[in-house]
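Since the structure of chain A is provided, determine the placement of chain B on it from the hints.
Each chain is listed here by its residues.
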Amino acid sequence: MLAQQLVNGVLLGATYALFALGFTLMFGVLRVINLTYGFYFSAGAFLALFLTRSLGLPIWSALPLAALGAGGLAVIIDAALLTRLRRTGAPELASLMVTLGGVLALYAGMTAWFGPDIRRFPPGLIPAQAIELGAIRITAAQILILGAVALLVTALLALMRGTRFGLALRAMAERPEAAALMGINTGRAAALVSLISGCLAGAGGVLIGLNFNAIQPFMGEAMMLRGFVVIIVGGLGDIRGALIAGLALGIIETMTAAFLASNLKEAVAFALLVLVLWTRPQGLFGRALIRRA
Amino acid sequence: MPVWLDDFLWTYQNLINALGINGLLALSMYVVLAVGQLSLGQAAFMGLGAYSSALMTMKLHLPFLIVLPASCLVPVAFALAIGVPTLRLSGVYLAIATIGLGEVLRSVYLNLGIVGGALGLNGIPERSEAWMIYGLLALAILALWLVGRSPIGRAMEAMRQDPVAASVMGVNIQRYQLGALLASAVLAGLAGCLSAHETSFIGPNEYGFEPAVTILSFALLGGIGTPFAPVLGAVILTLLPELLRGLSDIRLVINGLIIVAAVLFLPRGILPFRLRRVS
Numbered sequence: 001m002l003a004q005q006l007v008n009g010v011l012l013g014a015t016y017a018l019f020a021l022g023f024t025l026m027f028g029v030l031r032v033i034n035l036t037y038g039f040y041f042s043a044g045a046f047l048a049l050f051l052t053r054s055l056g057l058p059i060w061s062a063l064p065l066a067a068l069g070a071g072g073l074a075v076i077i078d079a080a081l082l083t084r085l086r087r088t089g090a091p092e093l094a095s096l097m098v099t100l101g102g103v104l105a106l107y108a109g110m111t112a113w114f115g116p117d118i119r120r121f122p123p124g125l126i127p128a129q130a131i132e133l134g135a136i137r138i139t140a141a142q143i144l145i146l147g148a149v150a151l152l153v154t155a156l157l158a159l160m161r162g163t164r165f166g167l168a169l170r171a172m173a174e175r176p177e178a179a180a181l182m183g184i185n186t187g188r189a190a191a192l193v194s195l196i197s198g199c200l201a202g203a204g205g206v207l208i209g210l211n212f213n214a215i216q217p218f219m220g221e222a223m224m225l226r227g228f229v230v231i232i233v234g235g236l237g238d239i240r241g242a243l244i245a246g247l248a249l250g251i252i253e254t255m256t257a258a259f260l261a262s263n264l265k266e267a268v269a270f271a272l273l274v275l276v277l278w279t280r281p282q283g284l285f286g287r288a289l290i291r292r293a
Numbered sequence: 001m002p003v004w005l006d007d008f009l010w011t012y013q014n015l016i017n018a019l020g021i022n023g024l025l026a027l028s029m030y031v032v033l034a035v036g037q038l039s040l041g042q043a044a045f046m047g048l049g050a051y052s053s054a055l056m057t058m059k060l061h062l063p064f065l066i067v068l069p070a071s072c073l074v075p076v077a078f079a080l081a082i083g084v085p086t087l088r089l090s091g092v093y094l095a096i097a098t099i100g101l102g103e104v105l106r107s108v109y110l111n112l113g114i115v116g117g118a119l120g121l122n123g124i125p126e127r128s129e130a131w132m133i134y135g136l137l138a139l140a141i142l143a144l145w146l147v148g149r150s151p152i153g154r155a156m157e158a159m160r161q162d163p164v165a166a167s168v169m170g171v172n173i174q175r176y177q178l179g180a181l182l183a184s185a186v187l188a189g190l191a192g193c194l195s196a197h198e199t200s201f202i203g204p205n206e207y208g209f210e211p212a213v214t215i216l217s218f219a220l221l222g223g224i225g226t227p228f229a230p231v232l233g234a235v236i237l238t239l240l241p242e243l244l245r246g247l248s249d250i251r252l253v254i255n256g257l258i259i260v261a262a263v264l265f266l267p268r269g270i271l272p273f274r275l276r277r278v279s
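So the protein lines, in turn, are chains A and B.
Residues in the first sequence are numbered from 1 upward in steps of one, following my numbering.
Residues in the second sequence are numbered from 1 upward in steps of one, following my numbering.
Only chain B is shown next, with the shape it has when bound in the complex:
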């Protein structure tokens, strides 16, 4: 490896890893939006993955190759508990039930001694490697791409456009929606585990309302035409505050305005291409 490249990777290691992790989070939002639902529990799922994996590493001393896949379990359990009752109802119920989740878990983390209370968990071993993050990101994009091209993808698009028509055509909407929510919890849980073992510190205030909305802004800026689009949105919104230092104070204002502008004026995002389907 040339020296300049080595230097570059060393200097920007944290940013490079953050880009990949935010890409995974954007995909976890994409999966839910792709079936016409809105979940605001992505940051909460990420926090559950981060806390549960950190405990597995620090208290149970499990190897990382077991911890990483196991980090999805707790988020998936929460997604089931919230998704099963709400997905029977119209879309606003899932959004309402998930929007409070992050704030509630924050108050639980603050109260639980085993997760360090207000101090959070410190000194988590740094076991995430860039190849794991980008390997999982590539795998997730590939899987979502293949699913999107398959008849399942057609069903997903149909229920996003018109749920009534799709269900009349025999699409089992609730099963797909629950599947999408679970997949999104898996992706967010993995992202949480990778991020906890990358920054080596997690605290109760990192998974509340603001990160949840930020993750939504990734997906809405990019668009949900293809799995690449939300990842591109995540890359742009992660790099923007780094490139323009003055922006970091009003970063959240910009994220909020991007959501407003994207919904009102750019409903297909900045990468509006759609998947080509096998006919």
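Just chain A, same shape as in the assembly:
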């Protein structure tokens, strides 16, 4: 029982980590808490639903296509909402409010279009077999989730640490003006960061949709709470912190749901957020710069 819950928790946590990575990357490089981020999560899930249901694509091609679609949306929405504020150097709360208004309009529009009902992937999309290791059951969906998360996280880390583009992004995160003076095309880099983040969120949406097989417009909003908890606990803009905090949150939530009450898992996550803000606002791993008032 405990071992099974641990496996479930690690898998849930892996998706949280994937989702939070894109969020923290967006904040780290673009310096905006972009609240539309949760929308790309919902959008990814809905795109995958459309691709598998209406076009009959298998999941291995629907997942990357849906992620790319969500990334494309992220580029467009980011450009529409934030270009003007970036140009005028507006205060960070202005960009936060713009993305907040934008995301409400997007969610409400999506709900008006698709309705608030819960939708499901077509049956048989993923083989129903499961591997049994003693008392532990691992389903094919869970193996897909783990594989996809491992692949995407490795690719992101390789990009950030091993390429010139990653170096440019880290330079932008450190000092945007200096990075621009050194000849980095910050506008193009910003668009690429939006694309990558949107892809990560979209992939997260498909994977969570597969995990729970329940898709509806506001699913991204519930996910954003996890995103906030993970990036605060891990430290704003800290990629390694987000990975560890995401895994930890998934395990904590699964344990809460299994041994306390499933409705309390949000409250436990939030209590963790407030506790970290009281005691270690720089994040548990203490590498991110805290930004004091």
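Rather than coming from a laboratory, the hints here were simulated on the basis of the structure.
Built from N, CA and C at the ideal position, the CB exists for glycine as well.
Don't take every hint at face value.
[Said to hold, decoys possible] Taking beta-carbon pairs under 10 Å as the criterion, some of the chain A residues facing chain B (in silico):
| id | residue |
| --- | --- |
| 1 | Ala79 |
| 2 | Gly89 |
| 3 | Ala90 |
| 4 | Pro91 |
| 5 | Val98 |
| 6 | Val103 |
| 7 | Leu104 |
| 8 | Gly109 |
| 9 | Met219 |
| 10 | Glu221 |
| 11 | Ile232 |
| 12 | Ala258 |
| 13 | Lys265 |
| 14 | Leu273 |
Only chain B this time, still in chain A's reference frame:
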């Protein structure tokens, strides 16, 4: 009172009360925006006021004149727990910490037997009167007007424009910001109490993300130049779906777009006048 006026008041009683309550909520947003912070916990504070006051009326049978002021206590306690750690940090932390609050409390209400779980609380005695709502609204506008004209108002504006410069000039930023957050929790708690004792029903789904953003749209449409501006924003955005029935389906889309448009193109709102200060 002439008959037509009596009819009018009777027919539109709910709408008239809702206008006043939304005005109070808009002011609770205004107070925080006026010190350059962004709190998205207004709907959550309102829910805390609504639930705690309904319990005081229904379980403890306290008179309304005690329940109404006491309804601020729980929201203020939550505002302290969230405000003290986050206001030491930059503005995004308060926004992040408050944005999740409404959703979290929803899951708590759903789980707690004493507040009725998913069914909510029914049959709360209707004890809110229009004079209470509008009396409190007038009092709040007057108080905020006087504060805005005083040296405190100058300090608030200074820290909104440039927090570093203001703190160098000796403004204790964190104290003002915490004070503003507490005042906003008080106003939202009162609004929640009045609204619970007006509609006689409250449920767990009424104080989540959407109402929180709607309250922000009141303040941003009106602007934060004077305390009248956010109230005007609330009046417009409350009446709009009533006047144009077809709009009620996409009401939230409009609220969201209003926030976007207000920040991008109308940063001072539709009532951009500023308070005159005593020099």
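Going down the list of hints, with the structure as the test:
For A/Ala79, the interface hint is violated, the least distance from its beta-carbon to any beta-carbon of chain B being 13 Å, above 10 Å. With 10 Å as the threshold, the beta carbon of A/Gly89 stays out of range of chain B, its nearest partner Cβ sitting at about 13 Å, so the hint is violated. With its C-beta approaching chain B no nearer than about 8 Å, A/Ala90 sits inside the 10 Å limit, and its interface hint holds. Residue-level restraint check for A/Pro91 holds (minimum Cβ-Cβ distance to chain B is 8 Å; threshold 10 Å).
The criterion of a C-beta within 10 Å of any C-beta in chain B is met by A/Val98, whose closest approach is roughly 5 Å, and the hint holds. Taking 10 Å as the C-beta contact cut-off toward chain B, the hint placing A/Val103 at the interface holds, the least distance being around 7 Å. Interface hint at A/Leu104: satisfied, since its Cβ lies 3 Å from the closest Cβ of chain B, which is below the 10 Å cut-off. Because the closest C-beta pair between A/Gly109 and chain B is about 5 Å apart, less than 10 Å, the hint holds.
Checking A/Met219 against chain B: minimum C-beta separation of about 12 Å lies over 10 Å; hint violated. Hint status for A/Glu221 relative to chain B: holds, with the closest Cβ pair at about 6 Å, below 10 Å. A least Cβ separation of about 7 Å between A/Ile232 and chain B falls short of the 10 Å threshold, and the interface hint therefore holds. Restraint check, A/Ala258 versus chain B: the minimum CB separation of about 16 Å is more than 10 Å; hint violated.
Annotation: interface hint on A/Lys265 holds; nearest CB of chain B at approximately 8 Å, less than 10 Å. Hint status for A/Leu273 relative to chain B: holds, with the closest Cβ pair at about 7 Å, below 10 Å.
In this structure, the earlier hints numbered 1, 2, 9 and 12 are contradicted, and the remaining ones agree with it.
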